[in-house]
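Chain by chain, the residues run as shown.
2 protein chains.
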Amino acid sequence: MAKRLRIGLIGSGNVAWHLGPALENAGHHLVGVYSPTAKNARALQKRLYEAQLLSEPDFTGVQPHVVIMAVKDDVIPYATGEAIIGNNTLLVHTSGSKPLSALGYASTSRKGVFYPLQTFSKDRKVDFQHVPLLVEAEHKEDERLLLELGKTLSKQVTTMSSANRTKLHVSAVFACNFTNHLLTISQQIMRNESLDFELLKPLIAETLSKSLEIGPENAQTGPAVRGDVETLEKHMQFLDKAPRLAEIYQKLSQHILDMYTP
Amino acid sequence: MAKRLRIGLIGSGNVAWHLGPALENAGHHLVGVYSPTAKNARALQKRLYEAQLLSEPDFTGVQPHVVIMAVKDDVIPYATGEAIIGNNTLLVHTSGSKPLSALGYASTSRKGVFYPLQTFSKDRKVDFQHVPLLVEAEHKEDERLLLELGKTLSKQVTTMSSANRTKLHVSAVFACNFTNHLLTISQQIMRNESLDFELLKPLIAETLSKSLEIGPENAQTGPAVRGDVETLEKHMQFLDKAPRLAEIYQKLSQHILDMYTP
Numbered sequence: 494m495a496k497r498l499r500i501g502l503i504g505s506g507n508v509a510w511h512l513g514p515a516l517e518n519a520g521h522h523l524v525g526v527y528s529p530t531a532k533n534a535r536a537l538q539k540r541l542y543e544a545q546l547l548s549e550p551d552f553t554g555v556q557p558h559v560v561i562m563a564v565k566d567d568v569i570p571y572a573t574g575e576a577i578i579g580n581n582t583l584l585v586h587t588s589g590s591k592p593l594s595a596l597g598y599a600s601t602s603r604k605g606v607f608y609p610l611q612t613f614s615k616d617r618k619v620d621f622q623h624v625p626l627l628v629e630a631e632h633k634e635d636e637r638l639l640l641e642l643g644k645t646l647s648k649q650v651t652t653m654s655s656a657n658r659t660k661l662h663v664s665a666v667f668a669c670n671f672t673n674h675l676l677t678i679s680q681q682i683m684r685n686e687s688l689d690f691e692l693l694k695p696l697i698a699e700t701l702s703k704s705l706e707i708g709p710e711n712a713q714t715g716p717a718v719r720g721d722v723e724t725l726e727k728h729m730q731f732l733d734k735a736p737r738l739a740e741i742y743q744k745l746s747q748h749i750l751d752m753y754t755p
Numbered sequence: 494m495a496k497r498l499r500i501g502l503i504g505s506g507n508v509a510w511h512l513g514p515a516l517e518n519a520g521h522h523l524v525g526v527y528s529p530t531a532k533n534a535r536a537l538q539k540r541l542y543e544a545q546l547l548s549e550p551d552f553t554g555v556q557p558h559v560v561i562m563a564v565k566d567d568v569i570p571y572a573t574g575e576a577i578i579g580n581n582t583l584l585v586h587t588s589g590s591k592p593l594s595a596l597g598y599a600s601t602s603r604k605g606v607f608y609p610l611q612t613f614s615k616d617r618k619v620d621f622q623h624v625p626l627l628v629e630a631e632h633k634e635d636e637r638l639l640l641e642l643g644k645t646l647s648k649q650v651t652t653m654s655s656a657n658r659t660k661l662h663v664s665a666v667f668a669c670n671f672t673n674h675l676l677t678i679s680q681q682i683m684r685n686e687s688l689d690f691e692l693l694k695p696l697i698a699e700t701l702s703k704s705l706e707i708g709p710e711n712a713q714t715g716p717a718v719r720g721d722v723e724t725l726e727k728h729m730q731f732l733d734k735a736p737r738l739a740e741i742y743q744k745l746s747q748h749i750l751d752m753y754t755p
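Each protein sequence line maps, in turn, to chains R and B. Using the numbering used here, the letters of the first sequence map in sequence onto residues 494 to 755. Using the numbering used here, the letters of the second sequence map in sequence onto residues 494 to 755.
One or more hints might be untrue.
It does not matter which identical chain is meant; a pair holds if it fits inside one copy or across any two.
Below, a list of computed lysine to aspartate or glutamate pairs in the EDC-like style, where the Cα atoms sit at most 16 Å apart [claimed, not checked]:
(1) LYS615 - GLU706
(2) LYS565 - GLU517
(3) LYS496 - GLU517
(4) LYS565 - ASP721
(5) LYS660 - ASP616
(6) LYS532 - GLU549
(7) LYS615 - GLU699
Everything labelled a hint here was simulated from the structure, so no lab data went into it.
Given the sequences, and given the hints that come with them, work out the whole structure.
Here it is in structure tokens:
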């Protein structure tokens, strides 16, 4: 049986919103919540059993084992400098793109990262059992603590260095941020041509589901992988009026052609 | 009650494989199958109740109302010239990227398109009810026939001109072919860095599901939409060793920056 931990929370955004209750469901004790956005902080506190709403980021009174700082990436240094964390408390951030050293200004020497590799929205359910948790800490015993904490939430908990997390993040930008943007481009083309984007949704969903199942290299379709130059040219002609889209079309098609053409 | 149609099939690839039995389940009579790939043609015929296996693409003997030519895009002109279709039979192809005029050499003057907007694989189930069917025909009465035929299969049947189908196809290349390629790139980065691509799968699935639900414009995340230049530069540095990926990263990030920066 894993240890029941006393946990403090900084932030009241999407990550804190889901992580707080999930930690309580896993048996931990949320002792204090702080967020500069008072309204959100109160709403989050109401989702928790008996966490104190702190008016200042001073956690020394509630004596947590761990304080989880779930704030926007660019606020981490500021929030770290502001927080008062006792030296026997472990402070972690939850960012995938910021290194452990982003906690450089912390008042505690025990620092770490507790990164749930998922995108969170307040109105969408999260099943933490299937959210990979990537942890890192300056001290081995803290790393063990985070692994143990992670295992109470998720089936997939692993250590990952800040350097590897950066590489993972680059991959995620290609796989998620850019793919979403391509959907936006697709939707805009449809809209500009008075066509219904809804028509494409079943194809998009099946393409992705197949890609994840058999592997994207085995799932590539389209004119570029077929070497169908006639269609590529017809599409480039259509994109004449949108030169920046034409450029993106050309770069990605060329990359596919080069990868698959023998 | 829709009319029970006599249907002929040219081709034995993934589309024919699913479309044939689906048409029979919808109450139609598959009367003949022809494919130059004899082995596949036999396997497809076995999936059908009483369709004849034709040794030549001559459908005059089995008197179909409609012959559906489900062959690879670049084979359409050749297969059309070869097929013997009576003048009271409607010939349609199933391609999303080829115009109606690709059937120019047909022996019948009744020509059309019956395009199921989905990707098909022999070993994946297809629920035609949720596959949009886009139809087009040279004659109004044939268009009506295709709409009627389509409605026996799918809840979403609509007419679309060849010109609009080309625009739809460009959108689909962005939304499906290119997104799949970005997953391939992502997987390769992970592999090169000895990281497990499996870690990213829950994030990819949730990103897409959210994007389709709330709309991709509302779902954009990542360093570019945040204007997080520090992270963008860190990623570009990491991609220094892969200049073509760096170029794709740069183009897509710039496009996102320009779209969302006020």
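Against the structure, the hints come out as follows:
Taking the shortest Cα distances, LYS615 and GLU706 sit within 16 Å of each other only across copies (14 Å), while inside one copy they are farther apart (28 Å). Proximity of LYS565 to GLU517 under the C-alpha cut-off of 16 Å is found in neither arrangement, the shortest distances being 23 Å within a copy and 56 Å between copies. In this assembly of identical chains, the alpha carbons of LYS496 and GLU517 lie at most 16 Å apart only when taken from the same copy (13 Å versus 60 Å across copies). In this assembly of identical chains, LYS565 and ASP721 lie within 16 Å of each other by CA distance solely across copies; the values are 11 Å between and 45 Å within a copy.
With identical chains, the CA atoms of LYS660 and ASP616 are never at most 16 Å apart, being 30 Å at best within one copy and 34 Å at best between copies. In this assembly of identical chains, LYS532 and GLU549 lie within 16 Å of each other by CA distance solely inside one copy; the values are 14 Å within and 75 Å between copies. In this homomeric assembly, LYS615 and GLU699 come within 16 Å of each other (Cα to Cα) only across copies, at 14 Å, whereas the closest approach inside a single copy is 26 Å.
Of the numbered hints listed earlier, those contradicted by the structure are 2 and 5.
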